[in-house]
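Chain A is fixed; fit chain B onto it per the hints.
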Amino acid sequence: MTTAQGTAAPRRRAAARPAKWLSRGVIQVFLLVVGLIWLTPAAGLFLSSLRTEEANASSGWWTALTTPGQLSLDNYTSLLKDSGIVQAFWNTVLISVPTTLAVVAIAALAGYAFAWMDFPGRDWIFLVVVAMLVVPVQIGLLPVAKLFGALGLFGSIPGVVLFHTAYGLPFAIFLLRNYFAEIPKEMLEAARMDGGGEWRIFSQLVLPLGRPAIASLAIFQFLWVWNDMLVALLFADNESQPLTVALQSQMRQFGSNIGVLAPGAFLSLIVPLIVFFVFQRHFVQGIMAGSVK
Amino acid sequence: MPVTTPAVAPASSRATASHPPGDTPGGASSPARRAVRRRRRIAALFLFPALLLLGALVAYPIVFSVIRSMYDASGDSFVGADNYTAMFQDPATLRAIRNSAIWVVFAPALLTGLGLVLAVLTEKIRWKTAFKLLMFMPMAISFLAAGIIFRLAYEQDPQRGVLNAVTVGIHDSTQGKSTSFPTAKVRLGDKQLAKGHDGSYRTAHRTGPGNTVNLGLVGVAPKDMPSQARPAAPAAQSRAADGELRGVVYLDFTPGGGGTPGTVDRGERGLPALSVEAVDSHGKVVATATTAPDGSYRLAHLTPGSYAVQLPAKDFAPPYEGISWLGPALITPAIIGAYMWIWTGFALVLIGAGLSSMPRDVLEAARMDGANEWQVFRRITVPLLGPVLGVVFVTMVINVMKVFDLVYIIAPGPVQQDANVLALQMWLVSFGGGNNQGLGSALGVLLLLLVVPAMALNIRRFRRSQS
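Line by line, the protein sequences give chains A and B. Residues 0 to 292 (numbering that gives the first Met the number 0) make up the first sequence, in order. Residues 0 to 466 (numbering that gives the first Met the number 0) make up the second sequence, in order.
Simulated from the structure, these hints should not be mistaken for lab results. All values derive from a computational prediction rather than experimental measurement. Please note that the accuracy of each hint is not assured.
Non-contacting residues of chain A with respect to chain B, defined by C-beta distances greater than 10 Å in every case (computed) [claimed, not checked]: (1) 68; (2) 69; (3) 76; (4) 85; (5) 97.
With a straight-line cut-off of 27 Å between C-alpha atoms, the simulated DSS-like cross-links for lysine-lysine are [unchecked claim]: (6) 19(A) - 127(B); (7) 401(B) - 145(A); (8) 184(B) - 313(B).
Glycine included, every Cβ here is placed at the ideal spot set by N, Cα and C.
In isolation and in its complexed conformation, chain A is listed as follows (with noise of 0.2 Å):
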């Protein structure tokens, strides 16, 4: 019995294994198909943006793969000297980083506070704030527009930076909350046992032993403020617009714009990819956690 499974399991192997390899090398070509579909289109733009406007309205981009000399950094070079998308990409900047900055800060704080201090009610708040992580930002924004007109900040990057912050304070608590409950209980007593107040747990202990989870954090919530586009849409004027509303408003004439959109669309993807590919692990860390688990 044994034996006859033996011999014949090795046989059937043996059969399969030309198909296993062919079934392999359909499989490789798929992916690569795949691959390719995902490529062409950012290829397509990339290409187009380093086409002249003329050459874009009258034949596809695909012809500069068999004619590279019609690519230049015409399109960039005028881009970079209009004052009003280089203003834009500026804005973008002093967006993300101070709202980044904010919300890894008062996210850090509130997690310690639930995850290890004692207050009432602290497991029904904490409640709460799981339950807004799914809550949508159309819902904030006649509100809050109606808010900071009264207190002025409308239109401002203040205010802009003020609602990215709220909104992106529930998945934030939550994420941090989790990662320092899982701190070995000792470590704080013994800390405590020191005397070391709490303050200096949070500084001295917590914050160094989350920085993985705050990495995460941090490039989740900068990817994500600085990619926005219906939050700024509504809550920056001209001056404090980021580089996705200075862009959506050129959207209009698209044919004719192509020449602006598409080297403005890579401007302002170029950070999000160098940030992608330098962090990859921590990003992708922060998707998973972001994911409802």
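This is chain B only, laid out in the frame that chain A set:
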């Protein structure tokens, strides 16, 4: 606040610092009690910035929106539920609701399915890290940039939009790329060719094999003449053998003037790559040919009889222009396609992580028992991945309901209404010219209500993970 929070067990699930003794009304100012008060004050300080922002910018707006949704556009008079009933009567809002439903039904399922298939296949290749990285990259960029990328890819003109370039290429290679001359016609008063109902041209007189039939057309502008076209005069003189019909199809127009209408003059060029058919007395096409660069054709193997020579309608049909991706009919599927370009990497990476944490020996055992790959996939992989698939699916449902930027960017102005979704309609009604903040608030509340199940799910999951 519309939070579906079930009563929370008062006992802290995780025993951190236990309630200190002496926390009773009796021990008035014991040091322990003072310490508790101090600790609470510190906790309040740590929480204050977060709770202030969440309260003022998240919780308060929810309450405000619920109240505001019960007032009219200007906010002066209370209208109760009128905004909610108006929502289901206003055609634009109804269409937005319908489109959002289409999104929710198709996008999460397609994404989860595609992510699953790709994740399983990716396991079998060596360059899986590179592949996942490539697929994941669109997650990092903005909807705006992705929108611009796809607006360009979906362009109607096959000279600009890559999708239609491919579509037209496939169409022309399968249906045969017929060079056609949509503007070509016979000269006014020409008796030789008669126009059919379908746009084809046929000789008015029938001829037997062995004859030469030259067909003259006009109405092709010099810029529309293909560069390969050659003078037709030499070929027009050639004689047909038995059993064949010969001739040229030419442009009966001499550049620079001169020439006689109806004859092939020197300098007049042939019309290349046109279909020519021989039609027998029953109206049946018995032979076809394609014209050479000099416009010559040869219809061979004809049995004796009389035939009409026909230029079929496709010689005059406008060229195939591809699919109208951004037209009203396809706009929502087109935007869902762009959305999948962005999110497939997310599904792939999450499901891939689930796959790699799956017990290998179970799969190997099944394979050893003779199960084929499909059976392993259906019976083992998918059931074991159930929870991960659920996470991906639910996350996508929540995200899809809030989709805004992509629709706003990709749909051209005239078809924006055809692509409308809830979040966009909420924007248009409140800020984009509609200026009806009552209805806008009601739409915001509807969006919130739609994610309440996800909210409840989150809370349940969290509480279970804590106990």
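Subject >> Non-conforming hints, listed in increasing numerical order >> reply: Every hint satisfied by this model.
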